[in-house]
Amino acid sequence: MTQPRVFLVDDHELIRSGIRTEISRDVDIIGEADEVEAAIELILERLPDVVLLDVHMPHGGGLAVLCAVGERAPSVRFLALSVSDAAADVISVVRAGARGYVTKNILGPDLVDAIYRVHDGDVVFSPRLAGFVLDAFSLSSSGPAPSGIDPDLDQLTPRERQVLRLIARGYIYRDIARELDISTKTVESHVSSVLRKLQLSTRHQLSNWASERRLV
Amino acid sequence: MTSPLTSPAPVIGVPQRPMTRSTRNAVLGGVCAGLAVRLGVREQVVRIIVSLSVLFFGAGLLIYMGAWVWVPRWGEDRSVAQRLVGSRRESHIILLAFLGALVALLALGDFAKHWSGVASWPLLLGVVAVVAVWFGSSRDERNHLQDVVNATPILGASSARGWRALAWRFVPGIVLLVIGLETLRQLGGVWGGAFHAVVGAGALALGAAILLAPWWLDSVRDLSRERRERVRVEERAKLVAHVHDSVLQTLTLIEKAAHSPTDVVRLARAQERELRHWLFAPEHAQSRDDSHDSFAQQLRGIESDVESAYGVTVELVIVGDCPGDTRIAALTAATREAAINAAKWSQVSHLSIYGEVEPTSVSVFVRDTGVGFDLDHVAEDRHGITQSIVGRVSAHGGRADVRSIPGQGTEVRMSMSRSGVSV
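Protein sequences, first through last, are from chains A and B. When the count follows my numbering, it moves up by one through the first sequence with no breaks and lands on 216 for the last residue. When the count follows my numbering, it moves up by one through the second sequence with no breaks and lands on 423 for the last residue.
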């Protein structure tokens, strides 16, 4: 099996070198960038399989890179990597097209696993992201749905909720499959469907939810 | 009987005793609103009657100021007058104010008579009462008054900058106004021959104001922008100072603990947590009073305590939040035991805590992927701990169960219906 071609975007040299040493044996690192402009240019030029993207950077952060590359090179997949606890940032990066979100204190093997997963078209939900998403949808499910939008997009099915809860409780996909007595593939499809809802739902609550949440 | 947090609203047709000055809907001293409650009528009615009665030789003014001084504010046990009588220094000030106002009135003599007419005596007493109120009011009421003063057009902006600036503008302004009125009167009365002069002067002033307005507005805007900038810079400086201080200390500790990886990890985790709270949830970082902590805050406390005491990583995910009460306290206490249990026995350095608040219930899951144990054949001490977790939760009407598979890990599941919610 060929190694996925990975591109690193982070404005901290220390973090980049740390990630490099942890994953360089298992993936093919084809470049890195420490700022938004350079990242966009190099990614479009080299078309990596997976971009490891720092959420917080000067001049627009990961979101700017995602938006610029997403339109012109849809084949490039993004995995958001952050130390951020700010739910709004994480949700906005996922809504902009990132296929997953992991925190920077993730262990080397887990990060490699996440990269392979994203490369295979799967979605990587960390427990924290699952919590954010549950939170977002539980708030947005109250109140009437705006007209003209598929109402299914604004709500998680009970099964999807169950899966997200288990992720938040620290279960990995294999454990979830065993717990719910379904196949790992089905778990993956539930998670992908949650991601699709997260990205397509146009409820303003979802985007504004983080600020509302502070007021609760 | 417990008293409500805000002073009562008037109930039309039902007089309420005793009279207090309202804090709920006070324009100045809350006298009119308080009177409305006492008499059981609408506030507007009282306000209009009091305002009109001012025209009767200043009677309304006297009534208002009298009530302000003699009637205690809602929630306070002493009135302004009682407070002043108790303090020698303050009563001297009132006496001085009275004498000062009296001298001013006599010196102005005639002028005062035709200018403010018979109302000059009530006016004198009113001024004294204002001074009395200013010195005799409680801190709470003084804050309210300061807000009122700041919102007044003429007094407003300058009072924020100090009384000296106010005096500089106020005294010449009043003198000029009086001179102007006096001159007009001698010209034949404001509504006599001077009418055209007044219209002309008004137009002139308005024209000048319109011409100068952009410049004035600009300078005001600049000022507020400057102020905002300054606040932001100060905030950032505060943050930077705090971050630098605590990070430097942690780095020093890490240098000292370099020989022990566990200590380094523990220190780094603790610092990371503190910074996170500072950056992303400052309101939580500042609260130190445990008794009013919300569900989420209590769980965060457990996260940091367990991490620093046992050198493990706790992955904490919380969905929703609710205020703490005795049931929440029981639930979080059980969570703490479960987390400590996992940290001590699981033989892995990572555990997950998931807390969720739903409309009718609150649940917590504590999970590790460690060695696990056979529930039927557990060591006596572990068994006891498990029992006490379940016991704590069920004593408050909740449910808890422990699932453990040897070699695969342990999960403690707890849920509790929320207080005041029937399930």
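None of these hints come from the bench; they were simulated from the model. Among these hints, one or two may not hold up.
[To be verified] Chain A regions said to be covered by chain B (calculated; three or more residues, Cβ under 8 Å): (1) 123–133; (2) 166–177.
[Claimed, not checked] Every beta carbon over 12 Å from chain A, so not counted as near; a handful from chain B, in silico: (3) VAL14; (4) VAL85; (5) VAL103; (6) ALA268; (7) THR313; (8) LEU351; (9) TYR354; (10) GLY355; (11) SER363; (12) THR369; (13) GLY409.
[To be verified] As a list, the in silico DSS-like pairs of lysine-lysine whose alpha-carbon atoms are at most 27 Å apart: (14) LYS256(B) with LYS197(A); (15) LYS344(B) with LYS197(A); (16) LYS104(A) with LYS197(A); (17) LYS197(A) with LYS185(A).
A virtual CB, placed ideally from N, CA and C, is assigned to each residue, including glycine.
Hints, one by one, checked against the model:
1. Figure legend: the stretch 123–133 of chain A, annotated as covered by chain B; annotation consistent (4 residues with Cβ-Cβ distances under 8 Å, at least 3 required).
2. Residues of the stretch 166–177 of chain A with a Cβ under 8 Å from some Cβ of chain B number 4, which satisfies the need for three, so the listed coverage holds.
3. Every Cβ of chain A is farther than 12 Å from the Cβ of VAL14(B); the closest lies at roughly 36 Å, confirming the non-interface assignment.
4. The Cβ of VAL85(B) lies farther than 12 Å from every Cβ of chain A, with a closest approach of about 46 Å, so its non-interface assignment holds.
5. The claim that VAL103(B) lies off the interface holds: its Cβ sits roughly 56 Å from the closest Cβ of chain A, which is beyond the 12 Å cut-off.
6. The Cβ of ALA268(B) sits about 9 Å from the closest Cβ of chain A, inside the 12 Å cut-off, so the non-interface label is violated.
7. Non-interface call for THR313(B) relative to chain A: violated, since the shortest CB-CB distance, roughly 8 Å, does not exceed 12 Å.
8. Remark: the non-interface label on LEU351(B) conflicts with the geometry, its nearest Cβ contact in chain A lying 8 Å away (cut-off 12 Å).
9. With a least CB separation of 4 Å from chain A, TYR354(B) falls inside the 12 Å interface cut-off, contrary to its annotation.
10. Not every C-beta of chain A lies more than 12 Å from that of GLY355(B), the closest at about 9 Å, which undercuts listing it as non-interface.
11. Here SER363(B) does not stay apart from chain A, with its beta-carbon only about 9 Å from theirs, under the 12 Å limit.
12. Its beta-carbon lying about 8 Å from the closest one in chain A, THR369(B) breaks the requirement of being farther than 12 Å from that chain.
13. Taking the minimum C-beta to C-beta distance to chain A, about 9 Å, the non-interface status of GLY409(B) is violated against the 12 Å cut.
14. Of the pairs offered as hints, the one joining LYS256(B) and LYS197(A) is violated, with about 49 Å between alpha carbons and a cut-off of 27 Å exceeded.
15. This hinted pair does not check out: LYS344(B) and LYS197(A) have alpha carbons roughly 40 Å apart, beyond 27 Å.
16. Among the hinted pairs, LYS104(A) with LYS197(A) is consistent with the structure: their alpha-carbon atoms are about 25 Å apart, no more than 27 Å.
17. Straight-line distance between C-alpha atoms of LYS197(A) and LYS185(A) comes to about 18 Å, which keeps the hinted pair within the 27 Å bound.
The structure is inconsistent with the numbered hints 6, 7, 8, 9, 10, 11, 12, 13, 14, 15, although it conforms to all the rest.
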